[in-house]
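There are 2 protein chains.
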Amino acid sequence: MSRWEPDARGRLERAAMDLYSERGFERTTVTEIARCAGLTERTFFRHFADKREVLFAGASTLQDLFVDTLAGVPESAAPIDAVAAALDAAAAVFQGRHEHARQRQMIIVANAELQERELIKLARLSTAIAETLRLRGVPDPAASLAAEAGIAVFKVAFERWIGGTGRPDMPQLIRESLDELKAVTAGR
Amino acid sequence: MSRWEPDARGRLERAAMDLYSERGFERTTVTEIARCAGLTERTFFRHFADKREVLFAGASTLQDLFVDTLAGVPESAAPIDAVAAALDAAAAVFQGRHEHARQRQMIIVANAELQERELIKLARLSTAIAETLRLRGVPDPAASLAAEAGIAVFKVAFERWIGGTGRPDMPQLIRESLDELKAVTAGR
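These protein sequence lines are chains W and X, in that order.
Under the working numbering, think of the first position of the first sequence as 1, with each following residue one higher.
Under the working numbering, think of the first position of the second sequence as 1, with each following residue one higher.
Incorrect hints may appear among the rest.
Treat identical chains as interchangeable: a pair holds within one or across any two.
Cross-link-like lysine to any residue pairs, in silico, SDA-like; alpha carbons within 25 Å at most [to be verified]:
#1 K51 - S21
#2 K121 - R134
#3 K51 - R11
#4 K121 - I107
#5 K182 - A123
#6 K51 - R117
#7 K51 - Q103
#8 K182 - V73
#9 K155 - A128
#10 K155 - G96
Think of the hints as simulated: they come from the structure by calculation, not from any bench.
Work out the full structure, taking the sequences as your base and the hints as a guide.
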């Protein structure tokens, strides 16, 4: 980033999100995003591979956070407790981002291609969690099932958070959803 | 179906699957599928909306089976037991279809668009299960979590089945995976 473009990435992201919300993702061009942010297309492409990337740049951060947290949990922990620790770390990322997350969700829900991309993101996250559990010595199918359980809890908590006012916050909704999953699978 | 085209649908399906396997999904045309099955393109389009539909025609059958079975379980059953009954009914559909399911899976894994479609299919199935549970009086988030748990069990069992010889069969792998999910979420 050059010193003549302070917070170029943030400005591009805000401009893109506003344009996607106002006129739809398909009908927004990179030229317009750059113009709206007072920057050049070239600067846009220094920060994002394409206009979809603006919405999914956080996916790899989230995945790294999940995997790194999982890898750092003592090996004596039960797989579900390791996954719970990773969910907790991920939940913290969403603190103070409720409006942003809501806006992003509305953009995604309005576009079939973006919805597919979101499903792929979660499927990859599940695969990465299962792989990390296997590296910790958790056998299959327990590794895959603990990963899928974690993604299920994340999805349901996220939908509750997005659909509400932001309170309870993501960390609490994650904990509640995990407790609820435990109750459900126990047949209660 | 006209009487001059016995088992047209089955012939089209087998021709399509063989062509998708041999030369890839993208490089196969409806013209070729019809020719290979000894039928016309017009007959193809009487049975399938497009070439992707050949691979996903079973999705709505599976979803109906899940929903109908769920709806028929006594309301006194715990949500997870209702979902287990639906999984059991779905598993029966795969009996004797191991080779077909393996071939289909290899076609799907080779194509990003088909993988996305498969993820969408499972996401819709989860939504339909959650909705049916809500109609049975199961509150959220229990309804969503029981549905997600069911899909997780289905996915993991299906991958184990596809990756193996067909033995143990789907009904058994579904039961094992559900038991394993219960053990995992209980922290074992």
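Checked hints:
{"no.": "1", "hint": "K51 - S21", "verdict": "within (13 Å within a copy, 34 Å between copies)"}
{"no.": "2", "hint": "K121 - R134", "verdict": "within (20 Å within a copy, 27 Å between copies)"}
{"no.": "3", "hint": "K51 - R11", "verdict": "within (14 Å within a copy, 43 Å between copies)"}
{"no.": "4", "hint": "K121 - I107", "verdict": "both (16 Å within a copy, 21 Å between copies)"}
{"no.": "5", "hint": "K182 - A123", "verdict": "both (22 Å within a copy, 21 Å between copies)"}
{"no.": "6", "hint": "K51 - R117", "verdict": "both (13 Å within a copy, 22 Å between copies)"}
{"no.": "7", "hint": "K51 - Q103", "verdict": "within (16 Å within a copy, 36 Å between copies)"}
{"no.": "8", "hint": "K182 - V73", "verdict": "both (20 Å within a copy, 22 Å between copies)"}
{"no.": "9", "hint": "K155 - A128", "verdict": "both (16 Å within a copy, 16 Å between copies)"}
{"no.": "10", "hint": "K155 - G96", "verdict": "within (18 Å within a copy, 34 Å between copies)"}
In the structure shown, no violation is registered for any of the earlier numbered hints.
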